[in-house]
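Trainee: For this one, chain A is given, so just place chain B on it according to the hints.
If you read the sequences in order, they're chains A and B.
Going by this note's numbering, the first sequence opens with residue 1, and the numbers climb by one from there.
Going by this note's numbering, the second sequence opens with residue 1001, and the numbers climb by one from there.
The set of hints was computed from the structure by calculation and includes no laboratory data.
Among the hints, erroneous ones may be present.
[As the list claims (entries may be wrong)] Capping the alpha-carbon separation at 25 Å, the derived lysine to any residue pairs in SDA-like fashion look like this:
1. B:1036 with A:56
2. B:1036 with A:112
3. A:36 with B:1031
4. A:15 with A:5
5. B:1036 with A:114
6. A:36 with B:1030
7. B:1015 with B:1068
8. A:36 with B:1113
9. B:1036 with A:115
10. A:36 with B:1114
11. B:1036 with A:31
12. B:1036 with A:36
13. B:1036 with A:110
14. B:1036 with B:1046
15. A:36 with B:1056
16. A:36 with B:1115
17. B:1036 with A:30
18. A:36 with B:1015
19. A:36 with B:1110
There are 2 protein chains.
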Amino acid sequence: MSQPRQARAIRTREKIIRAAAEVFDESGFAGASMNKIVRRAETTMGAMYFHFASKEEVAQTVMAEQASDMAFPAGEDGLQRMLDITLEVARQLRTNVLLRAGVRLAVEQGSFGMSDAAPYQLWSEMLRTQLVAAERRGELLPGVDIEEFAEIVVGAYTGTQLLSSIATGHADVYERVATLWRYMLPAVAAPEVIAGLDLGVADSARKGASLGS
Amino acid sequence: MSQPRQARAIRTREKIIRAAAEVFDESGFAGASMNKIVRRAETTMGAMYFHFASKEEVAQTVMAEQASDMAFPAGEDGLQRMLDITLEVARQLRTNVLLRAGVRLAVEQGSFGMSDAAPYQLWSEMLRTQLVAAERRGELLPGVDIEEFAEIVVGAYTGTQLLSSIATGHADVYERVATLWRYMLPAVAAPEVIAGLDLGVADSARKGASLGS
Chain A
1 MSQPRQARAI RTREKIIRAA AEVFDESGFA GASMNKIVRR AETTMGAMYF
51 HFASKEEVAQ TVMAEQASDM AFPAGEDGLQ RMLDITLEVA RQLRTNVLLR
101 AGVRLAVEQG SFGMSDAAPY QLWSEMLRTQ LVAAERRGEL LPGVDIEEFA
151 EIVVGAYTGT QLLSSIATGH ADVYERVATL WRYMLPAVAA PEVIAGLDLG
201 VADSARKGAS LGS
Chain B
1001 MSQPRQARAI RTREKIIRAA AEVFDESGFA GASMNKIVRR AETTMGAMYF
1051 HFASKEEVAQ TVMAEQASDM AFPAGEDGLQ RMLDITLEVA RQLRTNVLLR
1101 AGVRLAVEQG SFGMSDAAPY QLWSEMLRTQ LVAAERRGEL LPGVDIEEFA
1151 EIVVGAYTGT QLLSSIATGH ADVYERVATL WRYMLPAVAA PEVIAGLDLG
1201 VADSARKGAS LGS
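Extracted from the complex, chain A is given alone in its bound form (with noise of 0.2 Å):
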């Protein structure tokens, strides 16, 4: 492909998982149509079936992309870098429709017969980079095993935006993944790291890295 058709192809791409979060976000998986998505992305068929192969093709590319719209807090990697990541993905699923979309698909891909930990590992990633810094500072209690703590936390954050979700459309889900944190973190810090920790909004100032930087 040429360089200026590549450029088109690439923007066309972006449009379409754009389009396919919001209707996936407004409709669901089941609601959702290759048509409705082709629609909203204002483009054609054609463009759609070079890029993707199945609306499943679509939601698993919304899931692998769920967070290729943020922007993570900058900062030293480690236990706080770690609360303000994870709390500004929960400011921003309220938000950010991409995200949203990618949470919720993920959350629900059984329902249309998928079953892909991939949208997972990013997170476990994210966490685990975190907290080998959180160690390298001296912020762990001796023992944890990262790995394990990250993987705990991944499951435990899903659920928790997962019940944030159905109880109040995701009103509340700041609140509930500080809640969290206060009832994993003592498993790993000790209090008077914890003491030094801040779970209230992130510094806006602090705003801009991307993940891992």
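Mentor: Frame of chain A, contents of chain B only:
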């Protein structure tokens, strides 16, 4: 309705719920149909619509009655019984079709336009009962917010079993729930209390009582 007719109607309703659980468990909500459920239950469409107005209503009933097939571990209410019950639920997620289908539908309900918190309330009530007893027995740290902790555990547990389902088809759900508890108990119980708790397989001799009894 006469007594025998009423008894027959109750049996038919139960047969439908069980058949529906099997069909939802195999095919998910989208892949299930009233027809499929009627055939599995070996009943008639007339009997089906006497009891349920729609597939959504059948699904809601399976969610609401997800625990009605379960025998809960007996024992005195408190932290140990809370662990025993939640671990028994994990164990039964592998074998009890009504439980597995009910939990799955509760998680995936957004995909068919439902937003029903009731199936989760059953579990937070169970946890509250055990936590209130634990507090009375002096097993909790001072100042634990029982209501809040119960709600957080239900969310964390829901996500933990979901990730186990996606990653291993529930093969490792028992171990994941035991691990979740190891990371949540330090926030609510003193180390010497936790040391006395058993996160292993519940003694089969202690089974057989019903929820909250």
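Trainee: Evaluate each hint against the coordinates.
Mentor: Hint check:
A threshold of 25 Å between alpha carbons decides the hint, and for residue 1036 (chain B) with residue 56 (chain A) the separation of about 24 Å falls inside it, so the pair holds. For the hint pairing residue 1036 (chain B) with residue 112 (chain A), the CA-to-CA distance comes to about 18 Å; that is within 25 Å, so the pair holds. For the proposed pair residue 36 (chain A) and residue 1031 (chain B), the alpha carbon gap of about 21 Å is at most 25 Å, so the pair holds. Only pairs whose Cα atoms come within 25 Å are accepted, and residue 15 (chain A) paired with residue 5 (chain A) is accepted, the gap being roughly 15 Å.
Pair hint residue 1036 (chain B) plus residue 114 (chain A) holds up; C-alpha atoms about 21 Å apart against a cutoff of 25 Å. A threshold of 25 Å between alpha carbons decides the hint, and for residue 36 (chain A) with residue 1030 (chain B) the separation of about 19 Å falls inside it, so the pair holds. Note on residue 1015 (chain B) and residue 1068 (chain B): the hinted pairing holds, with a Cα-Cα distance of about 13 Å set against a maximum of 25 Å. For a cut-off of 25 Å, the pair hint linking residue 36 (chain A) to residue 1113 (chain B) stands: about 18 Å separates their Cα positions.
Taken as a hint, the residue 1036 (chain B) and residue 115 (chain A) pair is honoured in the structure, with Cα atoms around 24 Å apart against an allowance of 25 Å. Restraint check for residue 36 (chain A) and residue 1114 (chain B): the C-alpha separation of about 21 Å stays at or below 25 Å, so the hint holds. The suggested pairing of residue 1036 (chain B) with residue 31 (chain A) holds, with an alpha-carbon distance near 21 Å, which does not exceed 25 Å. A C-alpha spacing of about 29 Å is found between residue 1036 (chain B) and residue 36 (chain A), which places the hinted pair above 25 Å, so the restraint is violated.
Using a Cα cut-off of 25 Å, the hinted pair residue 1036 (chain B) and residue 110 (chain A) holds, with the two alpha carbons roughly 19 Å apart. Pair hint residue 1036 (chain B) plus residue 1046 (chain B) holds up; C-alpha atoms about 14 Å apart against a cutoff of 25 Å. The straight-line distance between the Cα atoms of residue 36 (chain A) and residue 1056 (chain B) is roughly 24 Å, inside the 25 Å bound, and the hint therefore holds. Of the pairs offered as hints, the one joining residue 36 (chain A) and residue 1115 (chain B) holds, with about 23 Å between alpha carbons and a cut-off of 25 Å not exceeded.
Between residue 1036 (chain B) and residue 30 (chain A) the alpha-carbon distance is near 19 Å, which keeps this suggested pair within the 25 Å criterion. Taken as a hint, the residue 36 (chain A) and residue 1015 (chain B) pair is broken in the structure, with Cα atoms around 39 Å apart against an allowance of 25 Å. About 19 Å separates the Cα atoms of residue 36 (chain A) and residue 1110 (chain B), which keeps this hinted pair within 25 Å; it holds.
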